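*Asks:* These protein sequences, in sequence, are chains A and B.
When we follow numbering that gives the first Met the number 0, the leftmost residue of the first sequence carries the number 0, and every step to the right adds one.
When we follow numbering that gives the first Met the number 0, the leftmost residue of the second sequence carries the number 0, and every step to the right adds one.
For the record, the hints were derived by calculation from the structure and aren't laboratory data.
Source: prediction; values computed, not measured.
Don't take every hint at face value.
[Claimed, not checked] Looking from chain A toward chain B, a few residues come up when the C-beta cut is under 8 Å (computed):
{"id": "1", "residue": "188"}
{"id": "2", "residue": "192"}
{"id": "3", "residue": "193"}
{"id": "4", "residue": "196"}
{"id": "5", "residue": "198"}
{"id": "6", "residue": "222"}
{"id": "7", "residue": "233"}
{"id": "8", "residue": "237"}
{"id": "9", "residue": "259"}
{"id": "10", "residue": "262"}
{"id": "11", "residue": "263"}
{"id": "12", "residue": "266"}
{"id": "13", "residue": "320"}
[To be verified] For the chain B half of the interface with chain A, some residues (derived, Cβ under 7 Å), not all of them:
{"id": "14", "residue": "7"}
{"id": "15", "residue": "33"}
{"id": "16", "residue": "37"}
{"id": "17", "residue": "38"}
{"id": "18", "residue": "40"}
{"id": "19", "residue": "42"}
{"id": "20", "residue": "43"}
Heads up, the beta-carbon is just placed ideally off N, CA and C, and yes, glycines get one too.
Residue strings, one per chain:
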Amino acid sequence: MITLGIESTAHTFGVGICDDDAILSNVTDTYRGEGIHPRKAADHHADVAGDVTRRALEHAGLCASDIDLVSFSQGPGLGPCLRVGATAARALSLRNNVPIVGVNHCIAHIEVGRFLLGIDDPVTLYVSGGNTQILAYAGGRYRVFGETLDIGIGNMQDTFARAVGIEFPCGKRIDELVSAGTTYLDIPYTIKGMDFSFTGMLSEAIKHARTHPLEDVTYSLMETAFSIVVEATERAMSHTQKRDLLLAGGNAASPRLREMCTIMAHDRDGEVHIPPFAVCRDNGAMIAVEGMVEYAAGRRMALHETTIRQKWRSDEVDVIWRD
Amino acid sequence: MWLINQGAEAKLYHMTGQEYCGVSLPYDLVVKERVRKRYRIPPLDSRIVLSRTIHEARLLHEAKRAGVHTPTLFFIDTTRHAIVMEHIEGTRVKERLLDAPRTSLDLVVRIGADVGRLHAHGIVHGDLTTSNLILRDGDVVFIDFGLGEFSPDVEPQAVDLHLFKQALMSTHYEMTNSYWERFLEGYKTTMPASDEIIERIADIEQRGRYVERGEQQ
Ligand SMILES: Nc1ncnc2c1ncn2[C@@H]1O[C@H](COP(=O)(O)OP(=O)(O)OP(=O)(O)O)[C@@H](O)[C@H]1O
Numbered sequence: 000m001i002t003l004g005i006e007s008t009a010h011t012f013g014v015g016i017c018d019d020d021a022i023l024s025n026v027t028d029t030y031r032g033e034g035i036h037p038r039k040a041a042d043h044h045a046d047v048a049g050d051v052t053r054r055a056l057e058h059a060g061l062c063a064s065d066i067d068l069v070s071f072s073q074g075p076g077l078g079p080c081l082r083v084g085a086t087a088a089r090a091l092s093l094r095n096n097v098p099i100v101g102v103n104h105c106i107a108h109i110e111v112g113r114f115l116l117g118i119d120d121p122v123t124l125y126v127s128g129g130n131t132q133i134l135a136y137a138g139g140r141y142r143v144f145g146e147t148l149d150i151g152i153g154n155m156q157d158t159f160a161r162a163v164g165i166e167f168p169c170g171k172r173i174d175e176l177v178s179a180g181t182t183y184l185d186i187p188y189t190i191k192g193m194d195f196s197f198t199g200m201l202s203e204a205i206k207h208a209r210t211h212p213l214e215d216v217t218y219s220l221m222e223t224a225f226s227i228v229v230e231a232t233e234r235a236m237s238h239t240q241k242r243d244l245l246l247a248g249g250n251a252a253s254p255r256l257r258e259m260c261t262i263m264a265h266d267r268d269g270e271v272h273i274p275p276f277a278v279c280r281d282n283g284a285m286i287a288v289e290g291m292v293e294y295a296a297g298r299r300m301a302l303h304e305t306t307i308r309q310k311w312r313s314d315e316v317d318v319i320w321r322d
Numbered sequence: 000m001w002l003i004n005q006g007a008e009a010k011l012y013h014m015t016g017q018e019y020c021g022v023s024l025p026y027d028l029v030v031k032e033r034v035r036k037r038y039r040i041p042p043l044d045s046r047i048v049l050s051r052t053i054h055e056a057r058l059l060h061e062a063k064r065a066g067v068h069t070p071t072l073f074f075i076d077t078t079r080h081a082i083v084m085e086h087i088e089g090t091r092v093k094e095r096l097l098d099a100p101r102t103s104l105d106l107v108v109r110i111g112a113d114v115g116r117l118h119a120h121g122i123v124h125g126d127l128t129t130s131n132l133i134l135r136d137g138d139v140v141f142i143d144f145g146l147g148e149f150s151p152d153v154e155p156q157a158v159d160l161h162l163f164k165q166a167l168m169s170t171h172y173e174m175t176n177s178y179w180e181r182f183l184e185g186y187k188t189t190m191p192a193s194d195e196i197i198e199r200i201a202d203i204e205q206r207g208r209y210v211e212r213g214e215q216q
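From just these sequences and the hints, can you work out the full model?
*Replies:* And the structure:
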């Protein structure tokens, strides 16, 4: 079965295609404006949608009529962006007369990792701009074992970069500064049970930046933020007695976060699994995989059920494809 | 000396005074040593481990001042990042309730009253389960304040009760309703703001079954 998946929850518009065994193509185009601009990003998505879809089909060596199923990110995400993806998916489904399923973006991050790496039952640490959560399967749902109470690590990092004048996109530069830092400055470490928050440490870091070398501030900020999520992840692994850890989300690319997860997992006889970056970041292939897996398990959606769900929580999804 | 418990957070040893510091004591000791994490850089790790050790010791101490039984604090060992406290000889409330479910209702009332005392003093235990309560000579001794906090606010106190209710549901499911009633009965006798807290529990339970409002195009 050939599934085409459309991602458009935030700044990335992506189309991916998979069949039962593999990902056949995965094309993304990201809106490069600084900060969060739902409307501008949505305009960008609408502009590139046709071209990204065409390229995804081309890379897979297919044409639109080969598609058996269309899936799309139904939420959670930014309303204007989600609407572009939903509209594109409905159009494709109607034009080719194939079924459509809307899927949960966060869960797609987990499922694509299971699909590609063959991990049965991981705890997932999902770290991106808007989301930072720890998820694990229990009793028919992906339960949120811990999550940010305010912003995601990615947004924290971007806001920090903007405040201290690091050029956008900032990921690479931040990684460099983290490894160049040597002196740890006091940054608040906020974790309540398995939930955490980042705005407090963000403003503290911005204050430090006035009087301390940028590499030390960045190092201190990121060490603190990563330590918190790794600690919460360890608690979730301990609580659920699961030994596999799956990393997901755009910030899973951070070498230091990967290293910390690897040490933590090693010290508790566990194992870390990191999918290739192309499917860690926001992308269409994971949406295709999720749609295919759900459809195979019997998920069906009528057109009127495909309205977007901006605040759709991971633990509201009935996980019919696992036992 | 032996290892009682090894968790992700702490290792607990049972020791005699001789074993710990070469002094004979009228009671044995528990050394709760916080586990250092290799994934954290040392300065950050030290700071966290030390502040949690001190925080837990303060909670133990303040709880005693609130009129609740807790292990007597012997020493805060900052080099081992450990709390050294009195070892409580007794039966865990969990086992007592499982062994004698129907004749222990008064005990549950007393636990409620103790939790009320903690809350009235702005102490949130953070991990109320029947495993963290030890019965010694008829007294209930509260242990493990590792997740506790100082807060007079409604929300954390209501969450504290909610977690205890969940613990009852998972461990003492046949008796949950009557235990919960008795628990609240005791709680009300010592906690002036009990009404507000109990009302908030309903909110918290509602949130757990969070229902999304329909999103329209
Ligand atoms: N003072 C004490 N006297 C007797 N036993 C104790 C004492 N403190 C702890 N214990 C025993 O050790 C166990 C674990 O202690 P505690 O709950 O403080 O550690 P923890 O690391 O927070 O454990 P967990 O994560 O399992 O709750 C308790 O359930 C109890 O059986």
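*Asks:* Please flag the earlier hints that this structure goes against, numbers listed from lowest up.
*Replies:* As far as the earlier hints go, 3, 4, 5, 13, 15 are violated by this structure, in ascending order.
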